[in-house]
Each structure stands twice: as structure tokens, then as C-alpha cells.
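Enquirer: Line order of the protein sequences matches chains A and B.
Positions 6 to 182 (this note's numbering) are the ones given, in order, by the first sequence.
Positions 35 to 464 (this note's numbering) are the ones given, in order, by the second sequence.
Simulated crosslink set (DSBU-like; lysine-lysine; CA at most 30 Å straight-line):
#1 K330/B with K166/A
#2 K152/A with K83/A
#3 K321/B with K164/A
#4 K169/B with K321/B
#5 K330/B with K164/A
#6 K160/A with K169/B
#7 K330/B with K152/A
Okay, the calculated beta carbon distance ranges per label pair:
#8 E72/A with T456/B: 57 to 63 Å
#9 D310/B with A43/A: 16 to 22 Å
#10 E153/A with G276/B: 57 to 63 Å
#11 E179/B with Q130/A: 25 to 31 Å
#12 R117/B with P31/A: 39 to 45 Å
#13 T35/A with Q210/B: 48 to 54 Å
#14 V75/A with G411/B: 57 to 63 Å
Derived by calculation from the structure, the hints in this document are not laboratory data.
Note that the structure is predicted; figures quoted are calculated from it, not measured.
C-beta atoms are modelled at their ideal positions from N, C-alpha and C, and glycine is treated no differently.
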Amino acid sequence: MSTPDRALVVGALLLAALPVFAAESPQLGTPITPAELAAWDLSIQPDGRGLPAGSGNAVAGKTIFAEKCVVCHGEEGKGQPFDRLVGGQGTLASATPVKTVGSYWPYASTVFDYIRRAMPLVAPQSLTNDEVYSLTAYLLSLNGVIKERDVMNAKTLAKVKMPNQGNFIVRYPEAAR
Amino acid sequence: MSDKPAEPATSPEIVAGNGLLHRRLFLTQGAALVGTGGLALLAARPAGAETLTVPTWTKTIGAPMSGYGVPSKHEGKVQRIVRPGAPGAPGTGGSRTPLELVNGTITPAGLHFERHHNGIPDIDPAQHRLVIHGKVKRPLSFTVESLLRYPTVSRIQFLECSGNSALGWAREAPQQSVGSIHGLLSCSEWTGVPLSVLLDEAGVEPGAAWVLAEGADSAAMSRSVPLAKALDDAMVALWQNGERIRPEQGYPMRLFLPGFEGNMSVKWLRRLQVNDAPTMTRDETSKYSDLMPDGKSWLFTFTMGVKSLITSPSQGFRMQGPGLYEISGLAWSGAGKIRRVEVSADGGQTWGEAALTDPVLSKSLTRFRMAWRWNGGPAILKSRAIDETGALQPTRDELITQRGERSNYHYHGIQPWSIAATGEVTNVHA
Chain A
6 MSTPDRALVV GALLLAALPV FAAESPQLGT PITPAELAAW DLSIQPDGRG LPAGSGNAVA
66 GKTIFAEKCV VCHGEEGKGQ PFDRLVGGQG TLASATPVKT VGSYWPYAST VFDYIRRAMP
126 LVAPQSLTND EVYSLTAYLL SLNGVIKERD VMNAKTLAKV KMPNQGNFIV RYPEAAR
Chain B
35 MSDKPAEPAT SPEIVAGNGL LHRRLFLTQG AALVGTGGLA LLAARPAGAE TLTVPTWTKT
95 IGAPMSGYGV PSKHEGKVQR IVRPGAPGAP GTGGSRTPLE LVNGTITPAG LHFERHHNGI
155 PDIDPAQHRL VIHGKVKRPL SFTVESLLRY PTVSRIQFLE CSGNSALGWA REAPQQSVGS
215 IHGLLSCSEW TGVPLSVLLD EAGVEPGAAW VLAEGADSAA MSRSVPLAKA LDDAMVALWQ
275 NGERIRPEQG YPMRLFLPGF EGNMSVKWLR RLQVNDAPTM TRDETSKYSD LMPDGKSWLF
335 TFTMGVKSLI TSPSQGFRMQ GPGLYEISGL AWSGAGKIRR VEVSADGGQT WGEAALTDPV
395 LSKSLTRFRM AWRWNGGPAI LKSRAIDETG ALQPTRDELI TQRGERSNYH YHGIQPWSIA
455 ATGEVTNVHA
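My request is simple: use the sequences and hints to build the entire structure.
Expert: See below:
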């Protein structure tokens, strides 16, 4: 390979390495440490990464639910005025599907993630991690996914498999439309 | 009206059944028709005009300037169609753009649809931060002020909620206006910083494939975005139609993902976490997934399907007697530009090509127009769009054959309107 060809190849490699937008950036981002962003770092991955320390079970969860959740989700999570959380297993292929945590949600991590970030609606992010583990355990227990006395923590919750997990067909990247 | 419209000296070319005329009638702005007596088509002429007087507003001093203009007091009926959530949770509902009351393609910011999950946060821009972390070499925090110094891009693009037109799945065609059914659809000029620039500054690490985007609202709404999309045409939008994004659209900044379902364009954007896998948040699994008849569900239906709507005439309109009408509507596709829109006045038996109003932009609303001579008899109007990938808007029956009746989201079937001999326009499944 002659020298000019080499230069061309190197140039092409450099171009390929650039992002789609190769715009100049003023580089004004400030470095931030994990400790500094901890209060916002709420997301839990489906394999359990991100789950915090703490624990709880359904017995404790039942008490918290009666105090903070029942007004929107009904006795034992049966719904009204907001989403029903319990039951509906076996209805998804019927004319009247009932989508709940137990019948529909594919990952248990999502239950913890969502309660911690957004519930209760009138006081989001007011629950302790133990309370979130307890409420998660209560909903999983009501749906028959775990037992009432099973302790949920970062290790055990990550291992819970939801009944409907195998029934989702990933549509991205898209099949031919 | 009993008078028949005057027949023109030279009829414009009929292109499809029940009175659809060639799009040339609009493409030429009527200029070519002047010489042929074509303007006589425009309406059956009323008997006579009234005698003009000089009105008060021409003889008195007008109002002074103002700091921020508002619509005419005579246009007060042009309002978003507000649907609050359940009692005690007013911030969980939505509001829709009144598509039957607007024209062109740009939605005024104050009429852009809203869908919130726990209300509109009152954010102090001085305290707001955008954090990028996860699988990056340099986790970074950006102030609003610093982002305003970045090079920007501007694009005119639509945003459509994936729950838009969900009433299309209902067995009875609802007698509601086009905005009430389909108004979770708006279009703006969005200006902001390409997300790729910020991700490049943070330095995406090998193995990264998704970006979790989270809002600062009290739902801390979060969605997983494919890294490929984040590096393609995603934007951290700071401006909408020339002004800073309004509180209900994500002030001080929102993610904007052209062509993707609206929920993913996270408002009040505060955090981007680069991951190796999707986070499987509540809003991308339990909501916004499509339940199929066999009980399985589609996950990650991101790109909004090719779609069109006739906005005029539409449900609730009343035709003003036989004669020439402009059929006008909107077409769009999450996959790119609209290539062609066809209109039928005979329920889909025959179709004519509509005129597309320039500019036809990618992942944007395109206004189409079609000339129609209504003979005063019953008619079913339909439109169907074809995008630049060749995708054709399906009929409602085709959608239901594919997905059943319970998938709830991502409805993009053809919308028929029925014209009765009385002039009444109603919604029908046809």
C-alpha cells in the first residue's frame, strides 16, 4: 500500500469513528459523582441492578397499603378509582382482558421502580426503601407470585419471575411493516 | 338550498367517483381557472351583497401594542379539549388539539396537546439540571444556562401520543369531533441541542445500547430510548415555535424523538442514564404496549404509523348546500416524509390524488387539499396516506385483523366521515 492510500484509509477510519452529528461542542458539562446524583439515581434494571439496601414483606406491606394506597387502588388492590393491581391472570386472550401487576407486568423490578418514584400520587418519593420493598412484596403476594412471608430485598426481588414475562414480543428494531 | 350550482364552461377533470376533482385545481392556486370560468365553481352565488357602511373600528383609534399578543376575542371557542383524570388527580389526564378549528400545519403552542402523569411541575430553571451518567466515560451535569450556549438545530415535526385515536378501536364510531378523537397530535418547530452532542461530550462506553430518560415531574416519568435513536435525530429541545418551551410541554427542556410515540419525548428532562439494556419502566411495559388477540403483547412499538385525517369537513360540520368544497386534512408518518395522499368520496371505491402543501417535511404534518364538487347526495369521505418507505395507511378492518380490538394504542386506521343529504357530517366505520 502506498503512502497516499494509507492516508485515505486512516482518514476514512477517523470519519467512521465520529458521531452522526460532528458538531463542535462548548464542553460545558460539569463532572458529577455517583454520590452527588444518588437522590435522582432511581432506575432499577430488570435484572435487579439499582435495587437499594433494605427489605420488607407482604405482612408489613398490607399495613402500609391500607394507610396510603387503598384510597386509589381499592381493597387488596382490586382497583377504582385508579388501576387494578391484582388478579386477571388468564384473561389476556379473552374479550375482556384485565391487565394488572400479576396478569400483565413482565418484570418485578418495575413494581419497585414505579412505587418508589411515583407513588403515592399525592406524595411521591416519600416512602422509605423498606416501605417500597414491603408494598412490592404485598402486591406480588396478592397476585400469588410470592408467599406472604417471603422477604423482598435486592437479592430476592431480582430473582422473582413474573407470570407474563414470556408473552412480550419485542418490536424494535422494527419488523417489516 | 334548491339552486343548483352553475356548471363551469370547462369542467375541471374528474379524478374519482362522486365529484372528486383533479388536484391541479389547487396546485395552480386557481390561476388557470380564471380564464376558463372555473371560479364560478367556487360556490352557488348568494342572491346579493348588503350595502356597505364604514364601521366604528375604521373611524376610531385602535388598541396600542402589547407585550405578548393573544388571539382575537372572537376566537375564544378555539380551546384545547380538556379531559381531566380521575377526581383528586387533575394532573393525570390530557388535553387535545382542536384539529377542526385550526389550519395549516403548525400548532400554536397554547393549543399543543397535553398528556401528564402527575401534573405540570413548577420548575425553577436556575435549579434545574440535566445529568448524563451510566455507561459513559465522564458523568456530567448541565445547567439550563449552559445548554443555551450550545449549537442548536431546528426542525418542524409532529408529536403524537401513542394513545391517540384509541376510540377507533371502539365498535361504535363515536360522534365526537376530529380533535376530540384524534387531537393527541400536534406539530411545532422544535429547537434545541442534538442529543448526540451531549452524549459525545460524556463519552458513550462500549456495550451501551439504551438511554433511560427521566423527567423532573412528580411522576418522574421514565422511558428507555434506543441509543441508535439518541445518536440519530434526538434533541434536547429548549424552544418551541420560537419561544422557550412552555411549562406543559416540558419547561425548561424536554427530550424530542422525531416520529416516535409521544410518551418517549420525556418532558422536564432531568436525567439520561446510558445502559446496556432497556430498563423496562412501567410506562414502556404495563402501558404503551399492544395486547394482541392471542394474549401476547407487542413491546416497543416506537415509530408512529403512517396516518391521515380529513379535518374539513369532519364530524359536526354542516355542508352549506351543493357546490365546490375544499377537502382538507393532515397526513404524517413516523418513518419519514409523506409521499402521497389519496381521497375518496365514495367510501373507498375510487380514489383521487390530493395536493400536498409545501413544504413536505420528514416526520412532520403535511396538509393535503382536494377539490370536491358535492352533488348534495350521500357521500363517505376517506383519506389514506402513503409514506416514503411505501407504507400505506391501513383500514380499520385491516388493523383489527392484525391486532384484534384490544391493543388500545397505536391506532392509525383510515377515518371515514359520512355526509348525509341534509349536509350533516357524522363519524362512521365504513
